[in-house]
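A.B. asks: What follows is each chain in one-letter form.
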Amino acid sequence: MGGEVVLLDFWASPFGMRARIALAEKGVKYEYREENLANKGELLLKSNPVYKKIPVLIHDGKSLSESLIIVQYIDEVWKNPPLLPEDAYERAVARFWADFADKKLYDSGTKIWKSKGEAQASAVKEFIENLKILEGALGDEPFFGGEKLGFVDVMVVPFVCWFHAYEVHGGFSVAAECPKIDAWAKRCMERESVSKALQDPEKILEFVGFLKKKYGVE
Amino acid sequence: MGAKNGEYEHDYSTMAKNEHKVRLLGAWASPFVYRVGLALKLKGIEYEYMEEDLKNKSPLLLESNPIHKKVPVLIHGNNPVSEWVVILEYIEETWPENHLMPQDPYDRATTRFWSKFIDDKFIPTLGMVLKTQGEEQEKAMKEAEEALKTLKRGGLKGKFFGGEAISIVDISASCLSIWFEVLGEAIGTKFIDSEKFPLISSWIEEFTSIDLVKESFPPRDKLRAYHKSLL
Chain A
1 MGGEVVLLDF WASPFGMRAR IALAEKGVKY EYREENLANK GELLLKSNPV
51 YKKIPVLIHD GKSLSESLII VQYIDEVWKN PPLLPEDAYE RAVARFWADF
101 ADKKLYDSGT KIWKSKGEAQ ASAVKEFIEN LKILEGALGD EPFFGGEKLG
151 FVDVMVVPFV CWFHAYEVHG GFSVAAECPK IDAWAKRCME RESVSKALQD
201 PEKILEFVGF LKKKYGVE
Chain B
1 MGAKNGEYEH DYSTMAKNEH KVRLLGAWAS PFVYRVGLAL KLKGIEYEYM
51 EEDLKNKSPL LLESNPIHKK VPVLIHGNNP VSEWVVILEY IEETWPENHL
101 MPQDPYDRAT TRFWSKFIDD KFIPTLGMVL KTQGEEQEKA MKEAEEALKT
151 LKRGGLKGKF FGGEAISIVD ISASCLSIWF EVLGEAIGTK FIDSEKFPLI
201 SSWIEEFTSI DLVKESFPPR DKLRAYHKSL L
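If you're matching them up, the sequences are chains A and B in order. Take 1 as the starting number for the first sequence in this note's numbering and just add one per residue. Take 1 as the starting number for the second sequence in this note's numbering and just add one per residue.
Since the hints were derived computationally from the structure, they do not count as laboratory data. There may be inaccurate statements among the hints.
What the hints assert, rightly or not - Computed spacing ranges between beta-carbons, pair by pair:
(1) B:GLY158 - A:LEU45: 21 to 29 Å
(2) A:GLY41 - B:LYS157: 25 to 33 Å
(3) A:LYS132 - B:GLU63: 15 to 23 Å
(4) B:LYS222 - A:PRO81: 45 to 53 Å
(5) A:PHE210 - B:GLU215: 19 to 27 Å
(6) B:GLN133 - A:GLY41: 39 to 47 Å
(7) B:LEU199 - A:PRO201: 46 to 54 Å
(8) A:GLY3 - B:LYS43: 29 to 37 Å
(9) B:ILE210 - A:PRO201: 50 to 58 Å
(10) A:GLU86 - B:LYS41: 24 to 32 Å
All C-beta atoms, glycine included, are put in the ideal place defined by N, C-alpha and C.
Kindly generate the complete structure, drawing on both the sequences and the hints.
C.D. replies: Structure follows, in structure tokens:
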């Protein structure tokens, strides 16, 4: 449990935010290092030679990448409070929804600002559909983890600060389409681990503007 | 579980859980279904295999995996589990005998990493080679080759990816055996040349020499004909 913890990250990355929230929930002290993705540092390239991406967690000199893997590692090393439930089937359900968020939310959200016209309209429809499915999984519980923030909450909540950018570009409202998700998001933001990790949605919107120029989407 | 103070102690909750019927909804050609079947076999878990016609999905499949409507689905008692990685972790946690994952958290993270890398890099190759031609197909094959180089540098720890015994990484890498071989034959190439990739080739030999591994492979001729029909 001892040993230095370093997180190589990028301020706007929802994947990095997952690691930040998990570490904060566990009360782990760590060094946050901002990476310049246009000019990746040596440590990043050395510690994630396969993908060269953030986030990378370096614990006691040993590095790991891929946010899903990092969060599970954090949960296994620093056991309290647990993020994954104890029961094997409930864990499988949690992993399923984390996988769903990975496969369905990020890609469809990205498509919204990366496309125009019909492609964009279809991306918006897909995103809302996926969000509604997640809303169904939440049910009437305060969190995906039940009474308390859990694994799925940690994996999904970072996208919340990107919603505003999706809404502006896609011309829709999460609160109108998925009121339970909206309420859940506000509930999560009441936790310091979340409010400190997530970024100002206006800054994300600005960042998306910069990305659009970079990718030539106008 | 075991004798304690002369009394035989039962962990009823675990026993009851472990005694519940296990069913696997699958499709014969699927490398994902194969992975789950192999994990069950390696753990000695009895299960009922149910073949799905993917063009005419059963009510049970649609009910058990309403979100993705895909195979494999593991149904344990009345509890369905979907997505091969999620299923494998569930199997590992529910039937801990014959570990498929290491115990140390860092080693587990590494195992998960390579397992995912293999899935991310090689499964799409199978799809792309089957669906595309010419330049696009060549590009897919080149990407697979690059991925093989990365894999050989990072993944192999010994006889198997898991070291001396099979781990989830080996199970994930099963797609490199019969599926890549048969696809290669269909298009007249060898994906895993033993001269270019001696370590991975010898892993394939080692891996496929295990009876349990071979037992549940799809029939070679049937798979070859199936790939050819898609090309």
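A.B. asks: Run every hint past the structure and note whether it holds.
C.D. replies: Verification of the hints:
1. For GLY158 (chain B) and LEU45 (chain A), the Cβ-Cβ distance of about 28 Å falls inside the hinted range of 21 to 29 Å, so the restraint holds.
2. Between GLY41 (chain A) and LYS157 (chain B), the C-beta spacing of about 29 Å keeps the proposed range 25 to 33 Å intact.
3. Separation of LYS132 (chain A) from GLU63 (chain B) is about 20 Å and conforms to the stated range, judged on CB atoms against 15 to 23 Å.
4. A beta carbon spacing of about 51 Å between LYS222 (chain B) and PRO81 (chain A) agrees with the range 45 to 53 Å that was offered as a hint.
5. Checked against the hint of 19 to 27 Å, the pair PHE210 (chain A) and GLU215 (chain B) fails, with Cβ atoms roughly 55 Å apart.
6. Between GLN133 (chain B) and GLY41 (chain A) the Cβ separation comes to about 41 Å, which falls inside the hinted range of 39 to 47 Å.
7. Our hint of 46 to 54 Å for LEU199 (chain B) and PRO201 (chain A) holds, since their Cβ atoms are close to 49 Å apart.
8. Checked against the hint of 29 to 37 Å, the C-beta distance between GLY3 (chain A) and LYS43 (chain B) comes to roughly 34 Å, which is consistent with it.
9. Distance hint check: the CB atoms of ILE210 (chain B) and PRO201 (chain A) are about 53 Å apart, consistent with the given range 50 to 58 Å.
10. Judged by the Cβ atoms, the range 24 to 32 Å given for GLU86 (chain A) and LYS41 (chain B) holds: they are separated by roughly 27 Å.
Hint check: a violation occurs at hint 5 only; the rest are consistent with the structure.
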